[in-house]
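Asker: With the hints as your guide, set chains B and C onto chain A.
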Amino acid sequence: MISLGHFVALSTVLFCIGLFGVLTQRNAIRFLISIELILNAANINLVAFNRYLAPASAEGQVVSLFVIGVAAAASVVGLILIISIYRQRQSVFLDDFNLLKW
Amino acid sequence: MVNIAHFIPLFPFAAFWLNIIFGRRLGVASAYVAVGASAISAVLAWLVFQGLLSGGGSYTLTPWLTVNGHPITLGIIVDSLTVMMLLVVTVVGTLIQIYSIGYMGGDPRFSRYFAYISLFMSSMLGLVLVDNLFLLYICWEGVGLCSCLLVAFWYEKPAAAAAGIKAFITTRVGDTGLFLGILLLMSVGHSLRFSDMGVINAPEPLMALAALLIFMGAVGKSAQFPLHVWLPDAMEGPTAVSALIHAATMVAAGVYLVARCYPLFTAHPLALQTVAVIGAISAVMAASIACFANDIKKVLAYSTISQLGLMMLGLGAGGYTGGTFHLMTHAFFKALLFLGAGSVIHAVHTQDIRAMGGLFNKMKVTSLTFIIGALALAGVAPLSGFWSKDEILTAVWHHGNFGLFIAAVTTSFLTAFYMTRLILLAFFGEYRGAHKAHESPAVMTLPLVILAFFALFLGLIGSPWAHHAFQRFIAPAEGEVALDIGMAVASSVIALAGILTAFLLRGKFLEYKPGACPLIENKYYFDEIYDALFVRPFHWLAAAVARFDRERVDGVVNGISRCVQEIAQASRSLQTGLVENYLVAQAGGVFVLIVVLTLVGKLCHIF
Amino acid sequence: MTEFVFYTIAVGLCAFALLSVTVGDVFHSAVWLTFTLLSVAGVYFLLGAPFIGVIQVLVYVGGIMTLFIFAIKLTANIGDARIRQFTRQLWPGAVLAAVLLAFLLAVIRANAWSARALPPVQGPDLKEIGTELLTRYLLPFEFISLLLLAALVGAIVIGKVKK
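Chains as they are written, first to last, in numbering that gives the first Met the number 0: chain A, 0 to 101; chain B, 0 to 606; chain C, 0 to 162.
It should be emphasised that the hints constitute simulated quantities derived from the structure, not laboratory data.
The C-beta atom is built at its ideal place from N, Cα and C for all residues, glycine as well.
Keep in mind that a hint or two might mislead.
Said to hold, decoys possible - Label pairs and their computed distance ranges (CB to CB): (1) C:Phe3 with B:Gly600: 32 to 40 Å; (2) A:Asn97 with C:Val53: 39 to 47 Å; (3) C:Val4 with A:Ala53: 21 to 29 Å; (4) B:Ala569 with C:Val4: 51 to 59 Å; (5) C:Leu125 with B:Tyr581: 36 to 44 Å; (6) A:Ala53 with C:Gly62: 28 to 36 Å; (7) B:Tyr581 with A:Ala53: 34 to 42 Å; (8) B:Val599 with C:Ala149: 33 to 41 Å; (9) C:Arg87 with B:Glu565: 27 to 35 Å; (10) B:Lys601 with C:Pro91: 21 to 29 Å.
As the list claims (entries may be wrong) - Some, not all, of what chain A presents toward chain C, calculated at C-beta under 10 Å: (11) Ile1; (12) Thr11; (13) Val12; (14) Ser56; (15) Ala57; (16) Leu64; (17) Gly68; (18) Ile81; (19) Ile82.
With the rest of the complex left out, here is chain A:
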């Protein structure tokens, strides 16, 4: 039998893989990919808790729809920023962009 803990554990694994990606990727595009993993982990949690704890309501699913929407907007802007920066500096590597350094 699959309990709630299984789904939450799955989403935790996905989250930590995303976190690992965020912490280690040089490439801005792969950085964004890692962020998508984290967002999906969150979504799994939302839907799973909705299903197990309050099966009659649709709140978790609705919020996960919002998350998908926001994620779409974030990727659009993030990717276009990367492309824009690439045009300026011919690079998408985060450690090339340390303009905020003292």
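Answerer: The following block gives chains B and C in isolation, referenced to the frame of chain A:
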């Protein structure tokens, strides 16, 4: 017609605002505004005088403040003393302003000058009109401010700026005393009205102290010993200002204050005695300095101190009429002398009398009027100064203190001597100057002629031929007055002796080499003593405080800022600008947060 | 049966996700991400939320992944496998993620709610979700549409080649 008195200061006050706001646009017309305003005030003063003769008196405009349950009213005092002062201030003021049109012509701050003069006129008129010490103090500071502004009028000259500061600070010493006296009167006497001065019921030593403190204000304003040092320096201002403020009116305010609070002084003999002694010291000391001064304005300045001292001496010796009479006559002839000196300076462009000489033939009007003024000052009968000085000498004689009488006589003698010396050096002999001298324009000589007229004849209103009209007007309670023939003869002899001595010594004046009389030539070292006693220690104190501020206070402040800088410098290296580093920190932080929250949740479960 | 499906999807999901953040080529990484997202859609179906699963496929796989591919292709010569893809803090990052994972799994194990079984009732259907969206969540719903519009406009403005 007495109830229009409070309008008198308002016209010059309006003129001040007109000139200060529209002065640039008015140009030369600002002089006409100022002269017109004070002429109107003069007419009003005359109307008030007539009103007083036909039985008017003081009146109250409106209650103003209540201090501890004791009211301070906005009141106007109209009596003989006030009316005398009103007439003197408005007439002399108007004449001097007319003179200033010529004297200040072409000055870049022409309208500013007339604005200040108007402000001064309104403050001075207010000073003599108000009926309590509180309002008087306000006007008192007003005239002090104008004095400072006008002494430092040519503030491009460092000496003028310094003199303005010196005048302000020195009089401030006296004003502090006056202020304390007012507070003391208010707290123990419960009234600041002049009409209550004689009847205040309060502990004796405190009231005597109040009288002395008020006299301290008078000492500062009237440049009496030991606060006289500012007046000679104040000669850096325009000569017309010296004539109006530092000879005729403002410096007389101290004498006016003593006369105004006279009941307070007569009730406390110690205070009155102090007035007499201070007056005597100032009179003799300043007169002796004047004998050695070579700057025409300085001679007149010391003469002013000396004559004010004589007035104080007269008041202190119980000669109320003598003191006030001399105040009036002195205002006219000293204004005349200053204006004459201004005319001379205008012509020869120097103030050193050793560089003048022989001006009599070149500037007839100026010379003649100047000589009239000098004779009046010297006390030659029957010019105005004779009658008033004679009155003072009589009072001092009757007072009975022989030392004071000697002081008064010495002052008279020295006065005659130094004025004669001045005239001999400036107007007779060979012309020793380089600049071509010429007579001044009519706008300057006309006031001279009018003032000379006053200097000649004004004294007669106090003479037996006018049945002592002045004495009966100013002090009706003193009863019958009569001229002391013996004293009149004596004072004439003293004056003539002074003049004669000067004539005998006239050949020596130019040959005189400085150094024979170092004490007097250096003005009794007052400036040096004050410099050593007050100015230098104050500078040291200021320097010490500044050093403390710079090294200790600033050290703390700078230390704090340096600390912040160091910390910032150290933490700056954390800002690598690499997003990955920030993210690690963030993730680590989140991790710690999760752990803490979990543990706290666990603990909450347990308890 | 359900267990089998779950474990299959779970293992696939973890493997795809790990591959997408570790392979050398960025383009490959995007491909693995696509598989990951599809697996997540499978999880949704498993959780009785078919609508979310469909949306996941439509929006992520159909929309966002296309964008990623575009971006990768537009930023030429960075997909080269020879270029170093990891930052200098590979090991600190890995350790941090692993420790956090271990801690969180321990927490999940220790809590009673993780053992909850599937309730017998059916999950909400599409009609309920639609009603919620247009009644209680109308305002956030409209905000999301505004946000998307703003992102659209912003992307055009930023991406425009300045002359």
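Asker: Are the hints correct? Go through all of them and say.
Answerer: Cross-check of the supplied hints:
Evaluation of the 32 to 40 Å hint for Phe3 of chain C and Gly600 of chain B yields a pass: the beta carbon distance comes to about 35 Å. Taking the beta carbon of each, Asn97 of chain A and Val53 of chain C are about 42 Å apart, inside 39 to 47 Å as hinted. Distance hint check: the CB atoms of Val4 of chain C and Ala53 of chain A are about 24 Å apart, consistent with the given range 21 to 29 Å. Our hint of 51 to 59 Å for Ala569 of chain B and Val4 of chain C holds, since their Cβ atoms are close to 56 Å apart.
Under the hint 36 to 44 Å, the C-beta atoms of Leu125 of chain C and Tyr581 of chain B, about 42 Å apart, fit the expected range. Between Ala53 of chain A and Gly62 of chain C, the C-beta spacing of about 29 Å keeps the proposed range 28 to 36 Å intact. One distance hint, 34 to 42 Å for the beta-carbon pair Tyr581 of chain B and Ala53 of chain A, holds here, with the actual separation near 37 Å. As the Cβ distance of Val599 of chain B to Ala149 of chain C is approximately 39 Å, the hint placing it in 33 to 41 Å holds.
Take Arg87 of chain C and Glu565 of chain B: their Cβ atoms lie about 29 Å apart, and the range 27 to 35 Å holds. Lys601 of chain B and Pro91 of chain C have their C-beta atoms about 28 Å apart, which keeps the hinted 21 to 29 Å range intact. Hint status for Ile1 of chain A: holds, given a least beta-carbon distance of 5 Å to chain C, under 10 Å. With a cut of 10 Å, the hint placing Thr11 of chain A at the interface with chain C holds, because the nearest CB-to-CB distance is about 5 Å.
Hint status for Val12 of chain A: holds, given a least beta-carbon distance of 5 Å to chain C, under 10 Å. Satisfaction of the interface hint for Ser56 of chain A is found here, the shortest Cβ-Cβ separation to chain C being roughly 7 Å, below the 10 Å cut-off. Look at Ala57 of chain A: its Cβ gets to within about 4 Å of chain C, closer than 10 Å, so that hint holds up. Residue-level restraint check for Leu64 of chain A holds (minimum Cβ-Cβ distance to chain C is 6 Å; threshold 10 Å).
Using the Cβ-Cβ criterion of 10 Å, the hint placing Gly68 of chain A at the interface with chain C is satisfied: the shortest such distance is roughly 4 Å. Because the closest C-beta pair between Ile81 of chain A and chain C is about 6 Å apart, less than 10 Å, the hint holds. At a threshold of 10 Å, the smallest CB-CB gap from Ile82 of chain A to chain C is about 6 Å, leaving the interface hint in force.
In this structure, every one of the numbered hints holds.
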